[in-house]
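Student: The primary structure of each chain is shown beneath.
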Amino acid sequence: MDLQLIAMQLLSGAVLGAVLVMTALGFTIIFGMLGVVNFAHGALFMVGAYAGVAVAMQTGSFWWALLVAPIAVGAIGLLIERLLIRPLYSRPPDDPILLTFGLGYVLVEGVRIVFGNDGIPFSTPSALVGVVNLGIGYFPIYRLFVIGVVAFILLLLWLGLEKTRFGLIVRAGARDPQIMRVLGVDMRRLWFLVFGLGIGLTALGGVLAAPMRNVSPEMGTIVLAEAFVVTVIGGLGSIAGAVVAGILVGLVVSMTSLFAPEMATISMFALMALVLLIRPQGLFGRAGV
Amino acid sequence: MKGKHDKFKSPTRRQVIGGIGMGTATALLGMPLVARAQSEPIRIGFPTPLTGPFGAEARDQVKSAELAVKQFNDAGGLGGRKAELLVRDDKLNAGEAATRTLELIEKDKVHAVVGALSSAVQLAVNQVTRARSTLYISISQSDTINEVKDWSRYTFHEALNPHMTTAAVAKHTFKKGMKIAYLAADYAYGHEMLRGFKRAQAAIGAASVGEILHPLGAPDYSTFLPRISAMKPDILCICNFGRDQANSIKQAVEFGMKQQMKIVVPVLLHNQRLAVGPEVFEGVVGGANYYWGLEETIPSAKAFNNAFRAANNGAIPTDYGAYGYTGVKSLLQAITAAGGTETDKVVAALEGLKYDVAKGPQSYRKCDHQSIQSVLVLESKKKADMKSDVDLFRVVATEQSGEAMLRTCAELGFPA
Amino acid sequence: MTIQPIDSTSSAKRPRLAIDGLMRTASAWRMPLTVLVLCTLPWVLPSKALAVNVLIYGTFAVGYNLLFGYTGLLSFGHAAFFGGGAYLTGMSIVHFGFAWYTALSTGILGALLLSLVMGVLSIRTRGIYFSMVTLALAQLAYYTALQASSWTGGENGLRGFTVSKIDVLSLQIDFLNPLHKYYVVLLFTALALWLVSRVLKSSFGAVIEAIRENEVRARACGYNVERTKLLSFVLSGGICGLAGGLSALHLAIVPLDTLHYHTSGLVVMMTLLGGMGSFFGPFVGALAFLVMEDVLSLWTSHWQLFVGAIFILFVLFLPKGIWGTIMGLGDR
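First to last, the sequence lines map onto chains A, B and C. The C-terminal position of the first sequence is numbered 1594 in my numbering, with every residue numbered one higher than the one before it. The C-terminal position of the second sequence is numbered 693 in my numbering, with every residue numbered one higher than the one before it. The C-terminal position of the third sequence is numbered 1535 in my numbering, with every residue numbered one higher than the one before it.
It is worth saying that the hints were derived from the structure and are not from the lab. Glycine is no exception: its CB is placed at the ideal position from the N, C-alpha and C atoms. Careful, some of the hints might be misleading.
As the list claims (entries may be wrong) - Derived coverage of chain A by chain B (criterion: at least 3 residues anywhere in the stretch with Cβ under 8 Å from a Cβ of chain B; other residues may be distant): (1) 1320-1331; (2) 1420-1434; (3) 1442-1452; (4) 1521-1532; (5) 1564-1574.
Throw the hints in and build the complete structure from the sequences for me.
Tutor: Shown next, in the form of structure tokens:
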């Protein structure tokens, strides 16, 4: 094993980590703010990718797809919150899990009916095709672009949550909805918007993944598992946790790929099991959630 | 892609389904009498994964199988005795397939089962049919089904196996002294493809520079690719299937590997190539059991294509779809030769059968019941070279597979 | 089982006393009534293979509900016990040549042990974390089975243990005959149902329900909450292991999918569909789900659309499930 290969492996691990952060972000935000474990996350990710395909086919541009698809799917998210999730807020916490589980089935089958079982081509935007020499080896330009987008989104989220009044309310609402209600804040409206935002981000992940992964109705299944792993390791609902966990998982998978490649997937779950057993609330989670 | 869906709701399948409801009622009334055996229809059970990632392949299989049955019936059947296809959704799930096969045998009293697309499903159906001495024509690519452990007197393997496809593909891509790297999915089918390629590689005199096993269903291959790059191979053999193949090739292209090495796969799928696009697959070489372009050289392929086009609004048959045709057709020919559906006689007829229905001459080998047939080596075309939407591949070679391309009977564990 | 609902719904407008009396009689005779209804299933359902699956998944769901419905713990890892029971049953025949009853016992024992280990690791977490830990551990079991292919057959599934004849009390039974198979499996299902109902009627049953209702209060009352939960977890695992073992004998294969988290999701769906709050609910749920799937998938390859939609409607409008709602009609 030469050093160059190990350096390259670390890099691809970190980049994979960024991809994982991107796939998990919407899931984390919805759980953190609403306490809803969204089992339809993978399906909505897939719907996002297909929405991207549809927009790209209409406009002929990846960039429009990147902009329009998340907004459109985010709007669907608002509808889902209003019609399906809101009636469950007063119910036991298991109910949203079960509902979104069923919703996942409906979405996957819906896409199969509209677009077929097979999957659909989606090319890398021509401006981002190709590889770039990073000194230790060649790396796809598109993946570096994805890191940029993820960093940008994280910056926006951080600014939005930390520096605005809306962010303050959201954070406070996540801590103690009861008090917020007493203070006269309309929590329902807040949850409505946050759910839409989370689904929009999930869809953005889907569009970004489309040039890297095969776009097919089943592409979300593994994404749900990945989002689970990242979110649980990072700490349920913690955005910073998701970022650290994503990169950690990326590195672990990458190093396993080097030494025992067939164990790459199992290492992800083993890490999750380990964290759950030692620190159930996750690396950045608050105890007692 | 939408068009295919609409066509799926063919009246024949509806009728079959309607008939099932009726069948339930009659089955409740009493067991069919042996005396009826002469006039009752020849019932063929057909489990296939209509639900799930291979739904398009499954639908093509159904269409092809229905065509074979229709041709048999139009030609008068077996002295007036018609055949009937009972399609069941196995959902790509071995447990579901076993249940459905039990139903087909116990309730619908089928005379034979044809079908299955995945290896696990095929082996599950095989277990059920073997224990109940029911004929089974399996049409899923697998080496395991040939081996003595899973062998059944009543099972015939119409599909290619990875040993054959890899041998043919290697013969037309590997050259003496070349460096070969392998990326294989870590499960039985992946290992079988890897073993086949390595055997061919050793025989040709090429050198292996390394092999990487990846977990089945891995969505991201970026962490495997740097190591493969570092091996600096001339050829990268990607030994996986379906979505794994699509993802791994897509990402290998993303990492610019196609500029450094040639990508070779054991099996190219028509529908998968459509789903991923021409740019990604351009120049990739792989094996296949059938390609419609065969009609230029093989008369039976032309006849099959034309009949299929006539029955399906001009659509062409695809690789896995064609198995539905060759599988059912060979069974019905054997039943005709045997003069009835008595299992032992049909087994004997199948063992002696020589047939050419879509791709040149085929026959079943005695020891493992493997269908000896041609393997196509295909290369995926550049977008600019495609003359139509379905003009996907260039036929590099049609490899006639004799005994030489199969593992010997002794190797599979059969007594000499 | 299907007799009761028909009576109680059609008589919904009659005076309450009549319904109450009927319900009480039905309730007192519920075990014999259940077995009687189950005896007729092979003739009522579309196929006998399906009827056997109903018994197996019914047992699975009732075992699962001991933990989910009665103890209030939402596990996403019960595929490990169902699959574990199935694999160990099959493997004891394939690799050690055990007789079917020894193999089945090995399967149950293995599931008990596995649930003990998973229980010890997961029981101290609560709420959503419990669901996550059980899911993660079950995924490990899945990948272990995938990797240990020389033992489990890997992705191809475990094969080669067709049981064609079995001896019950020196009686030779043709296990390939679907009816014989059905009644043998029914014997075990009835046994499992009886066992679970005994457990729930015992003081232990009262304690687990007390924990579900209010854990803090149960602890204050002096109950050892952790140990009770663990015992419930292990019992539930054992019943699910039995169901898995029966499934192995029924299908003569163990597919790898048995251990997939979809199997865990399936049992949650069945339990919810039937009604988690009641004893028979999960069994009714398994019956309804399997029949629905069987019938729908003959009609359309898009059956999952309907399954998903029906599931959503149940969560939204009938959270008590089929059986719970029917029983609720009687109580009104």
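Student: Now, for every hint given, state plainly whether the structure supports it.
Tutor: Here is how each hint holds up against the structure:
| no. | hint | in the structure |
| --- | --- | --- |
| 1 | 1320-1331 | holds (count 3) |
| 2 | 1420-1434 | holds (count 10) |
| 3 | 1442-1452 | holds (count 6) |
| 4 | 1521-1532 | holds (count 7) |
| 5 | 1564-1574 | holds (count 6) |
Taken one by one, the earlier hints all hold for this structure without exception.
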